[in-house]
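Student: Now for the letters of each chain:
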Amino acid sequence: MEPAEIIQHSGGAIGAAWLMIALPLVGAAVLLLGGRRTDKFGHLLGVLMAVASFVVAALSFMQLLGFAPGERRRGIELYDFIPGLAKVGLLVDPLSISFCLLITFVGSLIHIYSIGYMAHDPNRRRFFAYLNLFVAAMLLLVLADNYVALFVGWEGVGLASYLLIGFWQHKPSAATAAKKAFIVNRVGDFGLLIGIFTIFATFHTLAFSDVLGNASKASSGTLTAIGLLLLVGACGKSAQLPLQSWLLDAMEGPTPVSALIHAATMVTAGVYLIVRSGPIFEGAGTAQLVVTIVGVATLLAGAIIGTAKDDIKKALAGSTMSQIGYMVLAAGIGPVGYAFAIAHLITHGFFKADMFLGAGSVMHAMNDEVDMRKYGALRKVMPVTFVTFLIGYLAIIGFPLLSGYFTKDGIIETAMEHNAILGWLAVLGAGITGFYMSRLVFMTFFGAKRWEPTAHPHESPAVMTWPLIILSIGAIGLGAFLVLGNRFMTFLAPAVGAPEEMPSFHPVSPTGLATLALVAIGAAFAWFKYGRAEVPAVAPRASFLTTFARRDLYGDALNEALFMRPGQWLTRLAVFFDNRGVDGLVNGLAAGIGGTSGRLRRVQTGFVRSYALSIFLGAAVLAGAWLVVGNL
Amino acid sequence: MNGTIQAPSIEYALLAPLLVVFGAAIVGVLVEAFAPRYLRSAIHLPLTLLSLAGAFALAVWQAIKGVPTKPAAMGAVAVDGPALFIWGTILILAFVSVLLIKDEEHFVGSAAAVPGSAEEEQSLVERAAHTEVYPLLLFAVGGMLLFPAANDLLVAFVALEVMSLPLYLLCGLARRRRLLSQEAAVKYFLLGAFSSAFFLYGTALLYGYAGSVDLAKINQALGTVGGQDTLLYIGAAMLGVGLLFKIGAAPFQAWKPDVYQGSPTPITALMASGTLVAAFGALLRVFWVGLGGLDWDWRPVFYGVAILTMVVGAILAITQTDIKRMLAYSSIAHGGFLLIGVIATGHTPAENTSALSGLLFYLVAYGFTTVGAFAVVTMVRDAGGEAWHLSRWAGLGKRSPLLAGTFAFFLLAFAGIPLTSGFFGKYAVFQAAVANGATPLVIVGVVASAIAAFFYVRVIVLMFFSDPAADGPSVVLPSRGTAAVVGIAALATVVLGVYPQPVLDLAHTAAQSLFVR
Amino acid sequence: MPWLSTLMGVSVLGALGVTLVRNDKLAKQFTLVVSLIVLALTVAMAVQFSPNGDKFQFAETYDWIPQFGVHYGVAVDGIALVLILLSVILVPIVVLASWHDAEAGKRSVRTYFSLLLVLEAMMIGVFAATDVFLFYVFFEAMLIPMYFMIGSYGGAQRSYAAVKFLLYSLFGGLLMLVAVIALYTIAGKGTFMFSDLVGTIQDVTTQKWLFLGFFIAFAIKAPLWPFHTWLPDAAAQAPAGAAVLLVGVLDKVGTYGMLRFCLELFPDAAKFFTPLVITLSVIGIVYGAIVAIGQTDMKRLIAYTSVSHFGFIAMGVFAMTTSAGSGATLYMVNHGFSTGALFLIAGFLIYRRGSQFIADYGGVQKVAPILAGTFLVAGLSSLSLPGLSTFVSEFMVLTGTYQRYVVPAVIATVGVILAAIYILWMYQRTMNGPTAESVKSLPDLNAREKWVVAPLVALLLVFGFYPKPLLDVINPAVKDTLSSVSVTDPKPAVPVAQEGQ
Amino acid sequence: MTTHYLVLSALLFAIGGVGVLVRRNAIVVFMCVELMLNACNLAFVTFARQNGNLDGQLIAFFVMIVAAAEVVIGLAIIVTIFRTRRSASVDDVSLLKY
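One line per chain: the protein sequences are L, B, P and F, in this order.
Count the first sequence with numbering that gives the first Met the number 0 and you get residues 0 to 631, in order.
Count the second sequence with numbering that gives the first Met the number 0 and you get residues 0 to 516, in order.
Count the third sequence with numbering that gives the first Met the number 0 and you get residues 0 to 500, in order.
Count the fourth sequence with numbering that gives the first Met the number 0 and you get residues 0 to 97, in order.
Hints in this document: simulated from the structure, not taken from any laboratory.
Honestly, I wouldn't trust all of these hints.
Residues from chain F shown here face chain B by an in silico Cβ test under 10 Å; the list is partial [claimed, not checked]:
hint, residue
1, V32
2, I77
3, V89
4, V92
Derived DSSO-like pairs: lysine-lysine, alpha-carbon spacing no greater than 30 Å straight-line [what the hints assert, rightly or not]:
hint, chain 1, residue 1, chain 2, residue 2
5, P, K188, L, K170
6, L, K39, P, K365
7, P, K478, P, K270
8, P, K188, P, K54
9, P, K439, L, K216
10, L, K170, P, K449
11, B, K397, P, K24
12, P, K270, P, K207
13, L, K39, P, K439
14, P, K478, L, K39
15, P, K207, P, K478
16, P, K478, P, K490
17, P, K439, P, K54
18, L, K379, L, K216
19, P, K188, P, K270
20, L, K170, P, K365
21, P, K365, P, K439
Glycine included, every Cβ here is placed at the ideal spot set by N, Cα and C.
My request is simple: use the sequences and hints to build the entire structure.
Tutor: Below is the structure:
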């Protein structure tokens, strides 16, 4: 089934969809320009704007549901952005509205949570300003009806991410991490930009409606090129191999940031881009294949990294990488996979945000300690956090009937049908997930207390626990709601198309059983190693493989060896060349003329007879020249 | 040979400017002889200024009345458009220079007294003064007027000497640094006489070739006389030596820095402006009227000379540390630029007119700026007299911004920055040269200009961007004359830089009548 | 009404007036008022400009030097108009920013502001000139006030920098002079009016030589690699305000000249040399960025970023597509605001601490958040973050270039990554991390400084989201230019029928 | 026949010229210049003979007068510097250089 036509729309909540973007943007502007004057109510304004944005999203969703499925792609013209290149408009369709709901809903919860989490930070207002900025940019990204506006949002979230990772910028590590995130993202943007240039050169337009509607007319070579370039962009934003390295460092940011940006929403933008550009990928098999390979590679890499991390946030970050790997894998499969990719994206948004916020709650209780080796036995002191975290945990490992069970297993099943190798690797990934998530839970909430003497853990305030509770409810039921009866796939079909034959859900399938078995083995292994056994307070010397995982698969080492060192060397060389070579040439020329002058002026000896000689010789030369010229 | 001698017809009206200047010079000599010492200065100054002004008025009157198309005085003197224009220019420049000379500080009280001797002391006590300066100057100016107007080589030679001999003397009359001044006089004299001999020998050879020293007749002979080309070529080369020497073209430039440096600054100003103008006028006339038919031969030779001159002038100037020497080298470089204009004279009247008018304009522009620049030099003094060393000029911009600013402006004009007269001067000759296919020469010209800009800019750096030395020179309160000179020069530099059209028109009209052949 | 002459006249009279004011403070206020009047007049003029009307509007032509065929001819098309707007917007900002700059060296304050106004008149003149000779006159004469501003009011190495700047530019200008003369002579029209000279040089070899004469001058001015080394010296030594005008406006004369003169007067030569120019530009983009990364001096760093940016502009000009051409023109304007903001804020920082070295700072964000914040915004505009106007222009240039020259555009896009590195690394080293002892008591921006930065940031944001007003003016002019070069945009591989294209 | 005179004139001119280059005494140098002028005179007279007009002879007189004037000036200058420096060597006057 092909995607539906876009219908120009005005009026109603959808007509006011721009408010979704504008409201948080205004919030950010007020808080940033208002300065300290807005300190008192800054966080409240931030929450208000996020919630208001959610309300608009919800109303738009309602209105959209009111249309027949084939008329659910509504375009709203805004203004002529770059005359001749791009008009800006919004596209409200099932795909974008799903994202809007996720972003604004989870976003609002995280805003609320942050009131408590950031309560003691003197710059809380600024934090909320950045959060609002992020929400606005993210919404622009998903609502844009063309690639330029998408790119504006794309970079906007990058900026917000930069600002929020480096929020505690007095910490050099945070500042470095922020910079790294931005630069690595820029590498991705490099691909995305060139992809956009290629699109423009091919179609002379950047509007989704024109490009995607005519994609089939372009040669497959062009489409492959565009697809791969867009993939580079997606890799950067979604921390897929080989541009994954920034995500782990990004955990330097405050935990709500990790939850919102680096788990639930921004990092999934790559998946959105691929799904949105579906018609391009569908015309380019090679590109699709590469997408799936990247997805699988990342889901394994993320999982492996997750197994060895003692920093609770980094372990979760590895998990995020891995889960997004699943989504990318699904997105690379084509229309069958799109719905699963987005569904998993949404459920992941809930349960991963849930877990990140839970981790934040733990850190909040433990004086911002992130090393799980210094946790243990927290289930009793933090019951709410523990229960909500446990739900998230069960959801992610695919415990039957919880969200992850439906969405992730859907992806695995689809992959298995698409390509058995990919499928089995995805199953393997699920097994590892079972291990590292269990390890995380056991190390944190079970076992013996390994707290620092100064730690006095306590349950977090209600403003932090309520978002956890709400998110965990989503983590429980959302998967079933979306997947059962192909509800989401049907809903999404007008936007991204759908397979001719809807897949049916088998509660008991060989793949599903294999997955469950592997997950159980992984969890059991974790129990033996970290639940029952004593966890050393200092990480023991580890095997080569563990070190490999601890060092993020040597991703940073590789970057350093391949890019940073040569880059620094190149920079020094260039500076040297510029000073000595280019500028040296200029100054050398000047010095040369000066030197000539200095030597030549010695000819002016001051002796009148030597002057006379020059006249005499000059006369001879002149006469000689004349004779020569005259007799030519 | 019928026994009667025809009285030569002399067009006195045409020659009136010359006669006025020479007459005033002779009156000046008489004043020296008969007027009491205390009156001499009081008589000389008005006499000199009035005669120059009168001569200028007569030249203007002549120009308005109509430019004659035939040489005057039996073909000896050609009062044509270019000559009148050059006369006007020289007379104004001379007038301005006289205003500088008026300041007696510049000249020695008694030239005969040995420096440092008791006689010199006495002459200082007596406040003795060489008021002969004025008649000498008038003679020199008379020579300058005659030189470019001379229509035969003998007159040219005589004019050359009349112009040069008083200048040799004037060079040696500086009040301060007398050793340098005397050295300048000796060098200028010996080398000047040496080069005059070349000029004369060239005249002789051309006389041998053509049977006449009349320029027009020489030119006629060019096509008709055969078999004596060697005489012609060597003769032309020897004439060239004499003329290029006066211009200061390489390789005959060596005297210029030494003489410019040693001479009393007002005399340097006169030489750098008036002599240069006169010499270029004569060069044009000799080569264009006398050897016009030979231009295929002299143009390539001048090509080389021009390139050498520009390059030598520009390159040697950048390491100079003495302001007057630097200006001298700058003058050499400008001589090179002006030679481009000479080479640019072409074959059609239109081409000639544009080249010639460009050259004339350049001469006016350069002359004024030069006089102004040297006038500024006279004002910057320390205990030992004028402060010539460039390091002494450091920070002048802070101490007397107006003077330094004016000087910087002159320097920018030398460098040929737009909105100064120097720019249009250069532009005019460059354009004529390009129009006549001498583009490579112009490229050398602009490269030399760029190099030359360095040392002008260096002085500005010193004056404005460096901190003043603690015991730096002071700027004397200018006498009214000096102030007037600086003012006039600055005004001319501005006006010619912003609205050059009237003077260009004038030069154009003058050039249109071309040289009388 | 003779708008353009009025603008220049007001500036010049203002410059004279400033020298007559006896009191320094009054002189500053007077200058500010004059520059604001000029701004108001320019805006009034711009409002009356009709983008789809005659190519050149507000034309005034008088004979200046008939003998040389030189006119006083001024007029504006869209390209010139936006650049004049840029200039007159920057001048009051610079005046306000330089409030105390001239005092630091204990030099004449009045002279500084007088030079500033003279420069303003010349900046207007150089963009408005419709007579090639007049353009040349302004082109060269502009050097002088800037020379004095750098030399008299700059940093420790100021005289070296000023001389290098002047001589380098002068050299280029003189080469151009030869070309100007040759153009006049060969065209044989007896006039320097640009419109009369377009299309007169038919011989391609001649065009090539003349093109080189003009181009080298512009390449030095812009500056393109490898003629760029004067810029870091000059910009680093100039007082911040002068650096803004130098990099923000004066250098644009180079790229403007390429667009206006190199392309229109010598279309065939321009096409012939396009590969060369694009190569130089691309080298400049990457090279400038890499060298910028390695700088230890803030102002030098910003100067090198400009080398990179000028590469983008030149590439856009010579890509000869509508999008690239308009983008390049817009880039000239945006770069003025962006680099202007960077230089000024860096200047404020340097003024406080007395050092240009990045290593002397650290953690400024903590003590001076507004300064740091605005510096970040300016920095982000330098790395062309979407939402800021520089993105629009860079995007247009790259899109337009890619249509015709894929590989150069791809290499140039690497500059996008490098820009992130040099800006963010500088920001990190100066603003982030633990607060350095020496900056602990650094005051934040004061009211005057906020007024300096606010308009720039506002312009960057407004044109970042709504560049249409500028592009509506620029687009017709660029299209006209390209049509006189007789090039058309490449056709799309997949034509998509749609309205509005 | 006149060729010999011309050769002589050229020789004299050359001797004068070389004399200027090699002699140190200012007076001698100056006399060498005078020799050159006289060589010119000889040439003039010879050419007058050759060309069959009197112009050359006339010019010779002019040249003599000019030469006399030059002597007056020249001696004055040389004597002045001799008195100052107690030396007539032109090599001693070399303060102005480079």
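Student: Hint by hint, say whether it matches the structure.
Tutor: Checked hints:
no. : hint            : in the structure
1   : V32             : holds (4 Å)
2   : I77             : holds (7 Å)
3   : V89             : holds (7 Å)
4   : V92             : holds (4 Å)
5   : P:K188 / L:K170 : violated (69 Å)
6   : L:K39 / P:K365  : holds (20 Å)
7   : P:K478 / P:K270 : holds (16 Å)
8   : P:K188 / P:K54  : holds (22 Å)
9   : P:K439 / L:K216 : violated (62 Å)
10  : L:K170 / P:K449 : holds (28 Å)
11  : B:K397 / P:K24  : holds (20 Å)
12  : P:K270 / P:K207 : holds (10 Å)
13  : L:K39 / P:K439  : holds (26 Å)
14  : P:K478 / L:K39  : violated (53 Å)
15  : P:K207 / P:K478 : holds (23 Å)
16  : P:K478 / P:K490 : holds (16 Å)
17  : P:K439 / P:K54  : violated (55 Å)
18  : L:K379 / L:K216 : violated (62 Å)
19  : P:K188 / P:K270 : holds (24 Å)
20  : L:K170 / P:K365 : holds (11 Å)
21  : P:K365 / P:K439 : holds (9 Å)
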